[in-house]
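Student: Okay, here's what each chain looks like letter by letter:
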Amino acid sequence: MTSSTQVDTLSPVFSALADPTRRAILMRLMQSDATVAELGAPFSMSQPAVSKHLRVLEGAGLISRSKVATARYSHLEAEPMQQANEWMQQYKRFWNASFDRLDAALAEFMADTAPSTDTSTAPSETKENPS
Amino acid sequence: MTTIPAIPAVTDSHLFITRAFDAPREVVWKFFTQPELLARWFGPAEVHVDPASVVVELRVGGRWDLDMVDNASGERYPLRATLTVVTPPEYFEGVTAAVEGSGPQAELKLRVWFHDHGSKTRLTLHQGPFTPEFRDMTGAGWEASFVKIDALVASGEVS
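Chains as they are written, first to last, in the numbering used here: chain A, 1 to 131; chain B, 1001 to 1159.
No wet-lab data here; the hints were simulated from the structure.
Just so it is clear, the structure is predicted and the values come from calculations on it, not from any experiment.
The reader is advised that the hints may include incorrect statements.
Stated by the list, open to error - Derived contacts from chain B toward chain A, CB cut-off under 7 angstroms, selection only:
1. Pro1044
2. Glu1046
3. Met1068
4. Tyr1077
5. Thr1096
6. Glu1133
7. Thr1138
8. Gly1141
As the list claims (entries may be wrong) - Here are the simulated distance ranges between beta carbons:
9. A/Gln31 with B/Ala1140: 26 to 32 angstroms
10. A/Thr9 with B/Ile1004: 54 to 60 angstroms
11. A/Gln83 with B/Ile1004: 35 to 41 angstroms
12. B/Gly1061 with A/Ser32: 32 to 38 angstroms
Don't be surprised by glycine CBs; every beta carbon is placed ideally from N, CA and C.
Please model the complete structure; the sequences and the hints are all you need to start from.
Tutor: See the structure below:
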């Protein structure tokens, strides 16, 4: 059980992930570090909005930002995502239970529909002669 | 004389804004084309324009450049556009320059129509292509900027 005194790092992570633009930014950063312009905002009117999203991601620890000359690069940080993934993995056993039930249902279905004896209707050996 | 294009159909990939300003067309045109005026309104509320960064060359192939600066962080958001059609005071068209290493959205076309309604002006802006997220973020940026034009017009200092 998670201690109540432990610092809550998961809430900012899931909160940061609860936005399609921020998820798209993270997907892009899997390929390489990128500037705001490279994150798809070459027209500056949208860059302040992208910067806001980057600050949220940075606050959740999902990215770090570094300055190279005048450009500011965002870099993916995998650690918080690993913690989120570990938390979600707790649900795996429920999935496995569902798969077990699916197995049972499939087996039952196959038993019901399988022919009890071989009544296969093989095509007649005598071929009709196409005239 | 350049033919001013018809306003294209609305699509998901393009931003489409039409909006009225309480000023004659020549005045609204100035806000887009005079560097000292452009510097006073361009960009959403949380940024300002570095006046020294503004370059406007009102001709085909001319520049329409500026740097927005984030009020909180000092981060700079450069705009680098090349004008492709200039028909004062009715219409201009430009393409955003490919910022170094820019992504698939580098080739953005911006088209702005200024419709004369006497003491008022209706502006139509068409820009794209965008993904839906960037279309909406850019649209919000323009709308927040236009509010600054309203305030400058209302103050009566520009005519």
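Student: Each of the hints needs a verdict: does it hold here or not?
Tutor: For each hint, the structure was consulted:
With its C-beta approaching chain A no nearer than about 5 angstroms, B/Pro1044 sits inside the 7 angstroms limit, and its interface hint holds. Hint on B/Glu1046 holds. Least Cβ distance to chain A is approximately 6 angstroms, under the 7 angstroms limit. A cut of 7 angstroms between beta carbons decides the hint on B/Met1068: the least distance to chain A is about 5 angstroms, and the hint holds. Checking B/Tyr1077 against chain A: minimum C-beta separation of about 4 angstroms stays under 7 angstroms; hint holds.
Checking B/Thr1096 against chain A: minimum C-beta separation of about 5 angstroms stays under 7 angstroms; hint holds. Checking B/Glu1133 against chain A by beta carbon gives a least distance of about 5 angstroms; that is within 7 angstroms, so the hint holds. A distance limit of 7 angstroms between C-beta atoms decides the matter here; for B/Thr1138 the minimum to chain A is near 4 angstroms, and the interface restraint holds. Evaluation of the B/Gly1141 hint against chain A yields a held restraint, the C-beta minimum of about 4 angstroms falling below 7 angstroms.
Roughly 27 angstroms separates the CB atoms of A/Gln31 and B/Ala1140, a value that falls within the hinted 26 to 32 angstroms. The hint said 54 to 60 angstroms for the Cβ distance between A/Thr9 and B/Ile1004, and at roughly 56 angstroms that hint holds. Against the hinted window of 35 to 41 angstroms, the Cβ-Cβ separation of A/Gln83 and B/Ile1004 comes to about 57 angstroms, which falls outside the hint. Between B/Gly1061 and A/Ser32 the beta carbon distance is about 33 angstroms. The supplied range of 32 to 38 angstroms therefore holds.
The structure shown violates just one earlier hint, number 11.
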